[in-house]
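Once you have looked at the hints, place chain Z with the ligands on chain P.
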Amino acid sequence: MSINLNVPEMSNKPIDKCVTKLKVENASLYYGSFQALRKITLEIPSCAITAIIGPSGCGKSTLLRLFNRMNDLISGVKVEGNVELDGISIYDSKIDVTELRKRVGMVFQKPNPFPMSVTENVAFGPKRHGVKNRGELDEIVEKSLKQAALWDEVKDKLGQSGLALSGGQQQRLCIARVLAVEPEVILMDEPCSALDPVATLKIEDLMRNLAADYTIIIVTHNMQQAARVSDTAAFMMMESDRAGVLVEYGPTAQLFTNPKDKRTEDYITGRFG
Amino acid sequence: MTQTTNPSSPTAAEVPSRGLKRRLRLGERVIEGWIFLAGLLAIVVLLGIIFILLKEGLPVFANTNPWDFLFGTHWYPNADPSVFGIAPFLVSTLMITLISTIIAVPVGVACAAYLSEVAPPKVAETVKPIIEILAGIPSVMMGFIGLALLSPFVQSLFHLNTGLCGLTAAIMLSLMSLPIIVSVSEDALHAVPREFKEASYALGATKWETIWHVCIPAALSGIAAAIMLGVGRAIGETMTVLMVAGNALAVPASPVDPMTTMTAAIANSIGNAVRGGVQYQAIFAIGLILFILTLGVNIIAERVLERQKRKFSR
Ligand SMILES: Nc1ncnc2c1ncn2[C@@H]1O[C@H](COP(=O)(O)OP(=O)(O)O)[C@@H](O)[C@H]1O
Ligand SMILES: [Mg+2]
Chain P
11 MSINLNVPEM SNKPIDKCVT KLKVENASLY YGSFQALRKI TLEIPSCAIT
61 AIIGPSGCGK STLLRLFNRM NDLISGVKVE GNVELDGISI YDSKIDVTEL
111 RKRVGMVFQK PNPFPMSVTE NVAFGPKRHG VKNRGELDEI VEKSLKQAAL
161 WDEVKDKLGQ SGLALSGGQQ QRLCIARVLA VEPEVILMDE PCSALDPVAT
211 LKIEDLMRNL AADYTIIIVT HNMQQAARVS DTAAFMMMES DRAGVLVEYG
261 PTAQLFTNPK DKRTEDYITG RFG
Chain Z
654 MTQTTNPSSP TAAEVPSRGL KRRLRLGERV IEGWIFLAGL LAIVVLLGII
704 FILLKEGLPV FANTNPWDFL FGTHWYPNAD PSVFGIAPFL VSTLMITLIS
754 TIIAVPVGVA CAAYLSEVAP PKVAETVKPI IEILAGIPSV MMGFIGLALL
804 SPFVQSLFHL NTGLCGLTAA IMLSLMSLPI IVSVSEDALH AVPREFKEAS
854 YALGATKWET IWHVCIPAAL SGIAAAIMLG VGRAIGETMT VLMVAGNALA
904 VPASPVDPMT TMTAAIANSI GNAVRGGVQY QAIFAIGLIL FILTLGVNII
954 AERVLERQKR KFSR
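Taken in order, these protein sequences are the chains called P and Z. Converting from the first sequence to my numbering requires adding 10 to each position, the first position being numbered 1. Converting from the second sequence to my numbering requires adding 653 to each position, the first position being numbered 1.
The set of hints was computed from the structure by calculation and includes no laboratory data. Check each hint, because a few of them may be wrong.
Unchecked claim - Under the rule of at most 30 Å between Cα atoms (straight-line distance), these lysine-lysine pairs were calculated in the DSS-like manner:
#: 1; chain 1: P; residue 1: K88; chain 2: Z; residue 2: K850
#: 2; chain 1: P; residue 1: K167; chain 2: P; residue 2: K212
#: 3; chain 1: P; residue 1: K88; chain 2: Z; residue 2: K781
#: 4; chain 1: Z; residue 1: K850; chain 2: P; residue 2: K212
#: 5; chain 1: Z; residue 1: K850; chain 2: P; residue 2: K137
One chain only, chain P, in its complex shape (with noise of 0.2 Å):
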């Protein structure tokens, strides 16, 4: 069976040369007694932008959240199974939490800059992480935003508050915060679900732009974003007991057009209407 999409060029770029930067094995996760995730097993290519996709209350954010560990703010979490990024396990006591999330940025779904100005916001991460100096620090900034296409449209109101910036704006502002530590991995938790289209569609180029530098995750709750942006995508469905499980993962191309899994054409035929 085959689906038809009204998405002009969807990717095919083939991943297997890529190589696996982050991998899932059999991973649950429970918020107390709530199981949200059950037994999630993928794994994720370096040079690719990989979707998640699935009806609300699934266990997207939730699984997004397994990588850079930010599950680990909430009390009462409890994680099973094993979570590697290139090849070492990242639940492992030995780990240090904010070095994994230097390399494993996020970006949030809504807008988050802080009540500081632009050159700050940027500069908040590299400041943590060691960099002193105004010039190097300077530097940064302005290769961070330049990289997210933020450069030109902030150059000349950098003192301002980043809370200044119009919505699409102040989330390219979060990806140059994110940019600037020099992660390798962004994760982005429906980045564009607080947007107008046209920002929407600034993100998406920008992302596609990074993807050749960055392992980038993207949960979206839009179909057509993920068809248009995402390189593998991954479908997650809520179990009876509301547990998050992997319905399916694939090639975008394959997934969207050709599913395997029965439960995925239906949410997808569903969702495109």
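Using the frame of chain P, we list chain Z with the ligands on its own:
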């Protein structure tokens, strides 16, 4: 309330309730009037205080010029002619307030940060009410504690003739302003949006970096308000300083000298003053200066907060 102010929804049930409506309106008027009167009362009382301080205090400047009053180093109300220089009290108040603030602010803010960001919720829930109870301890009791426990300790630590000195008073005052500083700054820290903290952690900042570089700056206006409340408490406190500051009349040269603050000076001498006499006027003038001082602190705080807000909000 919404019903009475929304004429665009005339349902059948409302038609016969004209009288009720009018009554509600009247009730609202009464409440509004009541609130207005309460506000008016506060203003009247404040103006009354200012008026009395001016009326009773200003005449002293007919005998002593303001400069000599403020910077004169001798307070001899019973000499002939009497001498009223309040420099000893002014310096004592400033010194004690400053020291108590220097002690209370770092401790209080650290404590608040611990409660809001570090302590497990259970611990925070138990500790916070205890701190708030601390705020209710009568100042006479704090005086006792200072006399019995702290002053011997300060005395032996600094090899003093007496442990009743400015430092002892300042430490007691810092303890007394601590609860309000902790409580108000904790509220401010707690109100910092979670998104800011998450962003910081996600960038690889540690807990302490997040507290210091994100939470405290974002909560700064609230913390500043907390500090001002603490300072206000320290400037105005009377009984404790009366009991433990030592009541010396000389201008203090060091924090471990015995001192008399402006409040203590007022409390000490008001009993001996003849109503309407020169000493009576001088005491009211001290009150006037104290009032201006606290007003100044509040205005400065207001300015700082205003600037802080403008810097961050937009
Ligand atoms: N902090 C939390 N404590 C308890 N349950 C949570 C918490 N965060 C999310 N959940 C639950 O875990 C499930 C998955 O949530 P989430 O990962 O946010 O889903 P999604 O991002 O796919 O909408 C939901 O049932 C949600 O209610
Ligand atoms: Mg989510």
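Hint-by-hint comparison with the structure:
Taking the CA atoms of K88(P) and K850(Z), the gap is about 21 Å. The hint holds against a cut of 30 Å. Among the hinted pairs, K167(P) with K212(P) is consistent with the structure: their alpha-carbon atoms are about 20 Å apart, no more than 30 Å. At roughly 29 Å between alpha-carbon atoms, K88(P) and K781(Z) fall within 30 Å of each other, so this suggested pair holds. Between K850(Z) and K212(P), the direct Cα distance comes to roughly 27 Å. Compliance with the 30 Å bound is thereby established for this hinted pair.
Between K850(Z) and K137(P), the direct Cα distance comes to roughly 16 Å. Compliance with the 30 Å bound is thereby established for this hinted pair.
Figure legend: structure checked against the earlier numbered hints; every hint is met.
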